[in-house]
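Residue 47 in my numbering sits at position 46 of the sequence shown, with consecutive numbering throughout.
The reader is advised that the hints may include incorrect statements.
What the hints assert, rightly or not - Here are the simulated distance ranges between beta carbons:
no. : residue 1 : residue 2 : range
1   : Ile51     : Lys15     : 32 to 40 Å
2   : Tyr14     : Asn37     : 23 to 31 Å
3   : Asn18     : Ile42     : 16 to 24 Å
Honestly, the hints are just simulated from the structure, not real lab data. These figures come from a predicted structure and were not determined experimentally. All C-beta atoms in this analysis are idealised placements derived from N, C-alpha and C, irrespective of residue type, glycine included.
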Amino acid sequence: MTDLSIAQKLTEYKPANKVRFVTAASLFDGHDASINIMRRILMANGAEVIHLG
């Protein structure tokens, strides 16, 4: 059981390994545009993104 009355110091999560995402889009429709937006957001935050076109 967790005692919520005890304040715990929260720290930022630091992954042990590099975060990687694989993205893919088979057609050039709205999905590829949204994947490109998400890819840029992920890369801006330090993740490695592998896009399979």
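Consistency of the hints with the structure:
Take Ile51 and Lys15: their Cβ atoms lie about 22 Å apart, and the range 32 to 40 Å is violated. Separated by about 26 Å at the C-beta atoms, Tyr14 and Asn37 satisfy the suggested range of 23 to 31 Å. For the pair Asn18 and Ile42, the beta carbons lie near 20 Å from each other, so the given range of 16 to 24 Å is met.
Taken one by one, the earlier hints fail for this structure only at number 1.
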